[in-house]
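Add chains D and L to chain U, keeping to what the hints say.
Chains as they are written, first to last, in my numbering: chain U, 1 to 104; chain D, 1 to 202; chain L, 1 to 977.
Please note: incorrect hints may appear among the correct ones.
[Said to hold, decoys possible] To give a feel for the contact side, a few chain U residues facing chain L, derived at Cβ under 7 Å:
1) M1
2) W39
3) R64
4) W66
In case anyone wonders, no lab produced these hints; they're calculated from the structure. Small disclaimer: the values here were computed from a predicted structure and weren't measured. Yeah, the Cβ is synthetic: ideal placement off N, Cα and C, and Gly gets one too.
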Amino acid sequence: MLIIDCPHCGPRTEDEYGYGGQAHVAYPEDPSALTDAEWAQYLFYRDNPKGLYSERWVHSAGCRKWFNAVRDTRTYEITATYLPSDPRPAPHGGPLAPTTTAKE
Amino acid sequence: MVDRSSVLERRRSPLHALTEELEHGSGAGVQLHEVPFLAQIGLRVRPGSPSAAALEAALAGPLPAGVGQVTALPAGRSTLWLGPDEYLVLAPDERDGGLDPAALTAELVTALGELPGQVVDLSANRTTLELSGPHAQDVLDKSCRLDLDPQAFPVGHAVATLLESVGVIVWRTDVGTWRVMPRASFAVHVARWLLDGMREYR
Amino acid sequence: MTSRRLATGGLIGRDETIKFTLGSTTYAGFAGDTVASAALANGIARVGDSIYLRRPRGVMTCGVEEPNAFVRVEGGYGESMLPATTLELADDLQMTWEDGIGTLDQSVDDAEYDHMHVHTDVAIVGAGPAGLSAARAAVATGVRVTLLEQDFALGGSLLGRPGEQVEGRPAHEWVQQVRAELEAAPNCRILLRTSVFGSYDNNYLVALEKRTGHLTTEGMSRQRVWHLIVGRVVLATGSFERSLIFAGNDRPGVMLASAAQAYLGRFGVLVGERVVVFTTNDSAYPVAADLAAVGATVTVLDARPSAGCQLPPAVDVRFGMVVVETLGDEVVTGVRIASADGSDVVPQELECDLLAVSGGWSPNVSLHSQRQGALRWDERLVGFVPTAPVARQALAGAVLGTSWTEGCLSEGAAAGADEVSPVHAGERADRAGATADLWLVPGPHGDLATHFVDPQRDNTAADVVRAVGAGMRSVEHVKRYTSISTGLDQGKIGGVLTIGLLTQLLSAPDMAAVPAGQPGQVVGDGAEDGEVNEGGRATNASMRPSPGALGTTTFRAPFTPVAFVALAGRSRGQLYDPARLTPSHGRQVELGARFEDVGQWKRAWYFARHGEDMDAAVARECRAARENVAYMDATTLGKIEVRGADAATFLNRIYTNAFAKLAVGKQRYGVMCRPDGMVFDDGVTFRLADDRFVMTTTTGGAARVLEWLEEWSQTEWPDLDVWFTSVTEQWTTIAVVGPRSRQVVAALAPDLDVSKEGFEFMAFRDTTLASGIPARIARVTFSGELAFEINVSGWYGQSLWDDVSAAGESLGITPYGTETMHVLRAEKAYPIVGQDTDGTVTPQDLGMSWVVSTKKEFVGKRSYERASHNATGRKQLVSLLPLDTTLRLPEGSQVIEQAAAPEGPLDGPARMPIPMIGHVTSSYHSQAIGRSFALALVKDGRDRVGQQAVASFGGRFVPVEIGDAVVYDKEGTRRDG
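Just chain U, same shape as in the assembly:
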């Protein structure tokens, strides 16, 4: 049972939350301008790092807000939670590796 720190409600147990996959995968501004391959990249391809991963969660049983969390996939440790409008926090002063987006 993870205990996740909702940016609005504070720490709550995992069963109050829903999972939303990788964060910072923006919906393409103009999907019709993308090639099939680029659109497929947006639809189907996500990172699978061994280490820190930014992902989306929703506090379903609490404030109903979506937020982002940085989770270490090796240890399940959630090192930060932040608002969707916030930039990804840098771990230990260094920047996170960029994540895949449809445009790349």
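Here is chains D and L on its own, set in the frame of chain U:
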């Protein structure tokens, strides 16, 4: 025109058929009953916005500022914080001197006017159970993962959380008194679940 | 059998006799006994036989690690495989010994089990000297403290040494004093009989409390699973004494030295009078002393050349000696001994009735390791010890190798107060003294067949040799090849013994085949080049690896067994899953409704009258809806109120069809898709005002649609002014359906013009019913018939049901359920999301291209340009008409081409795979067309309309005709009545 009191006669709360069951399940250690027909109005506004100011003026009191907070208002009303832009106004049953929820909703809808936000009558969306007694917290601890000890969950604190798997609002109104507010469809299950947990303390 | 109970001594209540039955014999014990101590006191040496080899076995330990002495408790629900060493003696316990394996009682366990969720600032696991000291220190800081102890008494190892001086008083008095202090503290909770079996992320502990074995209160659970969210965990979990591997080391009468001491000290039972103590370390000397002090004849065989402690008086100590074999038949009558270095070629024999064994100590690191806490092999302690506690945890006492009581107290006090332990690693090793790393004593007969490593699984050193011979190198592989540590033991007895044995069997070059990544394993262990590292010493010069080079198997929950029924808690029977009820549920029960589960909702399935079966009831309900008037509870549909200046823009982006221009007072059906273009949900949305809508969703989809809307609003389009609130239960909805529904609604709502002209299809009106109840009435249909949906506040749901019943009574209005609803909608090919779709189906596949806008942008649109969308072979919704018009195809039946069908039925799998072209998603009998029909998703189905195909189920192959999806009223002439 139908007489208003005959309309009110037609109301049935989600737990109207369980009154006796709740009474039998209660004892010295812990008691459970329904508080039916509270007016409940859902608000969605950004705090600090003109929308919030308009509703605060209409309610004659501030919106609660953060998780757990409840604002007490005139006329026996309260506002609960449900999310950073979501609140629930509670007001007495029309039979106990409260307003018709539709009238209260209309009042707030008018106050909000064209401003961004939302005012929705949710009076029938949830019901209210009152769990009280020296073992009330033990009963809740059987299925609520929150820290319910008084230093973490003081009197006057209310949050949306889970009771076992069911979403509820839990509101501590006194040291040994809790309001548990499930969605109406879950009310019978939640009441029976609580009654089950009460047996050893009855 | 003679009584082994001494006249005095022990911590038992001698004035409280307890009768119990083992097999057919009734015995007496005392309050405070375990079943094992009472059995031993009654002279029972042999318990159940071993699981496979059927060797006689006796009590070997006095704790949770017991491999031999298991009982089944009879009377009521029979519980199996309870270690007699932990089972508290209770009046009238009826038990039988078990032979290493239990039997599952097939009856229902109707005892109660529940859960409790608590938060605590400090949780201390284990109430030995370190744990008690930690609890005392933590309580003094004023924070909330929970002390968890799996035994029914506090004290841990001190229970076996009640006379030892602790802080100036006898140990048992010290324990009672600490207990009194803790019980008096308002901030301390003591949970006895409570085993922490799982330690999870974020200091989430799960523990099993055994409750009504000793108490009974009305409504009180028998066992309770505690979920603890903990600020700081102190693991004072102690250590397990190891056995030694020699021939016949499983014979009754062979016991861990500390167990022999505990039976004497705690229970006043002298297990043997002529005792041989076989040890590799100093810890057995106090045992020898205690046994000798009450009159036993004691000989110590120490594998080492000398001891590191004072030798006890009146004990015969022989250094450099080992036991090579036990003697006796059912029980030990003696041992064959030899010199440890093998120089004494003629083994000697010693008579004895108890062989107390100490092969060293293994810290109980299970809970530490469950959290991926690191381990290292400590060369001097000869055991795997934690390298450092995991975050927000502390370790104290024997789990770190701290073996002396004073050290445990100071270390516990520091851990309890969140201070650094004053005990240093070197001190632990110095105080413990040397332990010989003796992993195998070869037998006198050359074989290893009775050298038990895991007695519960009947695994011997021979099994380990065979595993290594088969190429196993990793301890994980050896575990699985042999089954060592796979039973109740879970490594408690067999774990380190196996690892130690492997170091004897493997040479350094073998280690190249050992996979890395095991707990406690030293990466790049120096064993290969003979160098010493932190993890281990390459003993025996160059070739023998250290246990640190192998690491341990993985420690997983549960540490001690827990019954599934306890994990289920109160979620059983009527409370198994929440049942969501609508306001008119009670009325539907009164009308004889059978209910089906839709999500968690209870929905009326059909209303059987006068002994009707389901088919007859559904046929009658269908006729009523198509020919007269019928009503159903439609409350369960999800409802979301949407408001904001950009609400219409938002809905336009979410739905595949246009909503921007929907007129106020009108409704529109909409489909929403995921970005991949697959149908996600559908429903009708009302426009209440320019900036206000009420969306309906599928019954099961309500919550996920709301989250979906919020996700797009919050994360992608936060600039849009739009707000969402669920109103699913604010409203109750009753659908009034059929050609005569207009009359019923007219009677209910006299203020409303319900004429065809005055109330057009897909309009809605707010009105006040004759009853005075405000209502929103919509003209909409899910059957193709003229129909109205009446929405009122949930408070008035039951009243509305009554009013509809009364208003329609003279017309013969008929309540109907979901089965009839399904038939009616399927006849019109209205899909059910989740039944006719499965996440791979687009609106176009459903024949609903009309709902997909070609003009505006919406979520999923881009996917309709993908090649996979436009390729042939997509499964499309069609109807299937079985040639046998009475045959209802099972949902899920496979559809195949005629040419692919075998000649006759199959009574087994087909010899060759049969290519399928689709499957049946819905299947019913239609009153309207007087025959059975089905909906199916079939590859290029629309091109196959009019063709024959074959449906396959249960080995049968039946001919069907593929038809247009709509089988009734294709022209839609009925919806206006």
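Against the structure, the hints come out as follows:
1. M1: This hint holds: M1(U) lies near chain L, its Cβ roughly 5 Å from the closest one there, short of 7 Å.
2. W39: Cβ of W39(U) sits 5 Å from chain L, so the hint holds.
3. R64: Since the shortest Cβ distance to chain L is 6 Å, the answer is holds.
4. W66: holds, 5 Å
Checked against the numbered hints given earlier, the structure satisfies every one of them.
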